[in-house]
Amino acid sequence: MVSPHTMNGEKESVHMGKPKLEIKDVGKIFKTKTGETTALEKTSFTISEGEFVTILGPSGCGKSTVLRIVAGLEEATSGHVLLDGEAIHGPGPDRGMVFQSYTLYPWLTVKENITFGLKLNGVSQKERDDVARHYLQLIGLEGFEKHYPIQLSGGMKQRVAIARALANDPKILLMDEPFGALDAQTRNIMQEVLLKAWDESKKTILFITHDVDESIFLADSVYVMTARPGRLKKKVPIQLDRPREFSVKGTTEFAQYKEELLSLIREESLKSI
Amino acid sequence: MFTPNKEIPKTIYTSAGFLTFIIFLVIWSVLTYGGVVNALFLPTPTTVLATAIDLFANGSLLSDIGISFSRVLVGFLVAAAIGIPLGILMGSLRIMEGAFEPIIGFIRYMPASAFIPLLILWIGLGEAEKMSVIFLGTFFQLTLMIMDVTKNVQNELIEVSYTLGAKKVQLFTKVILPAALPGIVDTLRITFGWAWTYLVVAEIVGASSGLGYMIMQASRFLQPDKIIVGIIIIGLLGLLTDMIFKAIYRASFSWMRKDGL
Chain A
0 MVSPHTMNGE KESVHMGKPK LEIKDVGKIF KTKTGETTAL EKTSFTISEG EFVTILGPSG
60 CGKSTVLRIV AGLEEATSGH VLLDGEAIHG PGPDRGMVFQ SYTLYPWLTV KENITFGLKL
120 NGVSQKERDD VARHYLQLIG LEGFEKHYPI QLSGGMKQRV AIARALANDP KILLMDEPFG
180 ALDAQTRNIM QEVLLKAWDE SKKTILFITH DVDESIFLAD SVYVMTARPG RLKKKVPIQL
240 DRPREFSVKG TTEFAQYKEE LLSLIREESL KSI
Chain B
0 MFTPNKEIPK TIYTSAGFLT FIIFLVIWSV LTYGGVVNAL FLPTPTTVLA TAIDLFANGS
60 LLSDIGISFS RVLVGFLVAA AIGIPLGILM GSLRIMEGAF EPIIGFIRYM PASAFIPLLI
120 LWIGLGEAEK MSVIFLGTFF QLTLMIMDVT KNVQNELIEV SYTLGAKKVQ LFTKVILPAA
180 LPGIVDTLRI TFGWAWTYLV VAEIVGASSG LGYMIMQASR FLQPDKIIVG IIIIGLLGLL
240 TDMIFKAIYR ASFSWMRKDG L
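Quick note, the sequences are listed as chains A and B, same order. Mapping of the first sequence onto numbering that gives the first Met the number 0: position 15 corresponds to residue 14, and the numbering continues sequentially without gaps. Mapping of the second sequence onto numbering that gives the first Met the number 0: position 82 corresponds to residue 81, and the numbering continues sequentially without gaps.
Derived DSBU-like pairs (lysine-lysine); straight-line CA-CA distance at most 35 angstroms: (1) B:173 with A:125; (2) B:173 with A:170; (3) A:232 with A:257; (4) B:166 with A:41; (5) B:167 with A:17; (6) B:167 with B:245; (7) A:232 with A:17; (8) B:167 with A:201; (9) A:145 with B:167; (10) A:41 with A:257; (11) A:23 with B:166; (12) A:17 with B:166; (13) B:257 with A:195; (14) A:30 with B:150; (15) A:195 with B:173; (16) A:32 with B:167; (17) B:166 with A:30; (18) A:41 with B:167; (19) B:173 with A:30; (20) A:118 with B:257; (21) B:257 with A:125; (22) B:166 with A:201; (23) A:118 with A:17; (24) B:166 with A:145; (25) A:125 with B:167; (26) B:150 with A:32; (27) A:170 with A:248; (28) B:166 with B:245; (29) B:167 with A:30; (30) B:167 with A:23; (31) A:145 with B:245; (32) B:173 with A:201; (33) B:150 with A:145; (34) A:118 with B:245.
Simulated from the structure, these hints should not be mistaken for laboratory data.
Chain B extracted, bound-state conformation (with noise of 0.2 angstroms):
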C-alpha cells in the first residue's frame, strides 16, 4: 500500500478520500464541542447545517447563488471567447506569439483585485465591474495555458497534413484546433474553478447581492455560521463544475482511451 507508483484498490482509495473527510470532521468537533474555541470565532457543525437550512428555506441563499453563477459564467465566457482563439493564434504563429506573449505576460502578474478601483471608475458598480474582474482574474493566463497547449501539437502532424494537401485554414480547423482540443477543455475546467476563487474578490466593492456578498456582511455583523456556509458552497460550486468539464472531456475524446468507450 505504500510502495510509489503501486495501483491500490479501488475501494482503498476511495475510503481514503473518505477518511480525510470524517478525520477533518472529528477535528472540527472536539474544538467546537469540547470547548476549546469560542464560538463566537469558530460555530460547531450542526449550528452550521441549521443555519444553511435556514438560509436556503428563509433566506436569499438561492438567488445569491444564482447571481454570482451568472456572474463567473458571463465573465468567464467571455475571457474563454477571446482566449481561446487568441491562444491557438498565439501557440501556432510566431509573429503572434510575438506581438502578444509579451504583454499578456506582463498584465497577469498583476492583481485583478487592484483593478477593482480602476473598474469602478471606468464602468460603474454594476454587474459589468463584477464580471470584469472575473475576466482579468482568468483572461490572461488561460490565454497562455491555451497557448502552450496549442504548441504541444506534435510538429510532424502539422507536416503530415500539408503532404495530404491541407491548406493553412485547413490546418487549423482540422488539425491544429482537434489535436488541441482535449488541451483546451482540460485549460478552460483549471480555470474555471480560478474563476470561482475571484468571486469573492469581485462582490466585496459595491454589491448588494451574490455569494460574496452574503460571506462580507456576515463578517460584519460577527456571524462565522454564515461565512462557514458561504464557503462551503462556493466550494461546492466548484467542484460541481469541475466533474461537468471532466465529464464533458469523457464524453468528448473516447478516442484517446484503449477501450474506446
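If we strip away everything but chain A, and leave its shape as in the complex, we get (with noise of 0.2 angstroms):
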C-alpha cells in the first residue's frame, strides 16, 4: 500500500513510509481552581504517511486532547505537532476531522454537507458534483444525495461525515471515537466502510478509541494510552493481513492481539477506577 523506501519512520512500523505526522514532546496541562492537572504528559510519536493508527485507552485518558491538539482545535501547553514537516498553527483543511457526536449541518442536503468544504472554497459547481457522486458512491448512500441528516440513522449520518472530511482531500483524517454513539451491528459495518474508504483513498489516519476490537480491526498500530496523566504506554503493530474482512475478528491472532491489549487496557482501567 506504500511504497517501503524510506526507511526515516519508527523502526517497528508496519509501513516504512516516510514521517506524515511528528508528535514531539506534546504535553497538557489544564489550569483548574484547586492547582494544576496534567491531561496529558509529553507524548512523542510519528505516524507514516498512510498509515492508519489507533490510540486505545480507558476514558479520560486524554486521548482525545491528543487529537484535539493535532486538530488545532486545543494548543499543547509543550512540545509541537509537524505535518509533512511544518508545524501546524490552528485548526485548518489539511486535517481533516470526524466526531462522535453528530455534526453534519442540518440545513444542508447530504450533498450539500459532502461539499461544503470545497464549496467554502470556491471549487466549482460541476466539480462539487462529481466529487459529492464519486464519495456517495464511496460510503455506499446512492440516492440519498437530496435527503436531510434529520431523515437519516446514525450509521448513515457518521457515512457522510466521513465524505464530507475526505472530499476536502485532508493530508490527515482525525477521528475521534466516530463510532461510539452507534449499536455493535452498526459500528461493525461502519468498520468495513471506513476501511474500504481508507483502502481507496490512501489517506492516513488517526483514529480514537476505547473499543479493543475496532482499534485491532481497524489499525496497523494501536497505542495504548494510560490514564491519569496520560501517556503513551505501548505501540502494538498489528500485523493481519490487508484487505481485512469481518471475518478476521474469529482467527487465532486477532484474538491474541486482543489478549494482549486487553491486558494492558485493563491494568490502566484498574488504576482509574
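Hints given; two lone chains; assemble the complex.
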C-alpha cells in the first residue's frame, strides 16, 4: 500500500513510509481552581504516510486531547506537532476531522454537506458534483444526496461525515470515537466502510477509540494510553493481512492481539477506578 | 385521554380549544343577559358585536388599526435590525458578551412605560416617540434571546467547520447564522407578540389616533363596549402576526422535519 523505500519512520512501523505526522514532546496541563492537572504527559510518536493508527485507552485518559491538539482545536502546553515537516498553527482544512457527536449541517442536504468544504474554497459546481457523486458511491449512499440529516440513521450520518472530511482532500483524517454512539452491528459495518474508504483514498488516519476490537480491526499500529496523567504506554503493531474482512475477528491471531491489549488496558482501567 | 404525554386524536384536540371559547362566551352571556353585572361595566356580546360593526363601517377603526400596526411594526423592526446582529455577536464573541450583557441585563428591568416622560422631553409627541416605546419594550429582551439562541449552536459544528477550512467571516455567514436561524425566527415571533402589548402604553400619552388612543378615549366616555372591541382587535392582530411567523417558520425550515415537507 505504501512504498517501502524510505526508512526514517519508526523501526517497528509496519509501513516504512515517510513520516506524515510527527508529535514531539506534546503535553497538556489544565489550570483549575485547585491547581494544575496534567491531562497529557509529554508524548512523542510518528505516523507514516498512509498509515492507519488507533489510540486505545480508557475514558478520561487524554486520548481525545491528543487528537484535538493535532486538529489545532486545543493548544499544547509543551512540544509541537509537525505535518509533512511543518509545524501546525490552529485548525485547518489539511486536517479533516470526524467527531463522535453528529456534526452534519442539519440545514444542508447530504450532497451539500459532503461538498461544504469545497464550496467554501470556491470549487466550481461541476467539480463539486463530481466529487459528491464519487463519495456518495464510496460510502454507499447513492440515492440519498437530497436527504437532510434528520432523515438519516446514526450510521448514515457518520458515513456522510466521513465523506465530507475526505471530499476536502485533507493530508490526514482525525477521528474521535466516530462510531462510539452507534450500536454494535452498525459499528461493525461502519468499520468495514471506513477501511474501504481508507484503502481507496490512501489517507493517513489517526483514530481514537476505547473499543479493543475496533482498534485491532482497523489499525496498522495501536497505541495504548494510560490514564491520569495520559501517557502513551505501548505501541502494538497489528500484522493482520489486508484487505481485512469481518471474519478476521474470529481468527486466533486477532484473539492474541485482543488478549495482549485487554491486559494492557485492564491495568489502566483498574488504576482509574 | 388523561394520561400524561399521551397523544390524542386531532379532532378532540381542536374541539377542546373550541369548547373553552364557548364556555367563556357562555359565562359572559350569563353575566350580562342575566343581569348579574351592570351593563355600564360589562356590555353584552351582541352590543360589542354591534359596536364593532359600527366602528368598522362609520368610525375610524380601520385607520386606527393601520396607524397602530405601523407603530408596532417600525418599532419592532428597528429593534430586530439592531438586536439580531448584536445578539449573534454577543452569543459568539465573548468580548461582545462581556461588553453588552451587563448593561442590557440592567436596562431590561426598567419599565418601558417609565421612559415615556423622558422620550417626550427628548423627541416630542410624534410618531418617533410611540415607536421608541415599542423599541424599548422589545429590544433588550430580543437581543438577549438572540444571544442565547446563538450560544446554543453546537460547539462541534463550529469546530468541524474550522477543519473544513471555514474562515472567520464564513463561520458567521455559513454556519452560525443558518444554525441559529430557526431560533431567531421563533424569537422574533415571541417578541413581536410583546410589541403588541406595549402598544396601549405607547398610545396612552399624547396620541390622537391608534387603537390604544381609542381605548383610552372610550374609557373617558364610559364606553366599555368600545374598550372590549379595541382589546379583541389587538388580540386578533397579535394572533395573526403569530400565525404569519409560524407559516414562515414552517416554509423555511423543512429540514427540521423528518418528512421533509
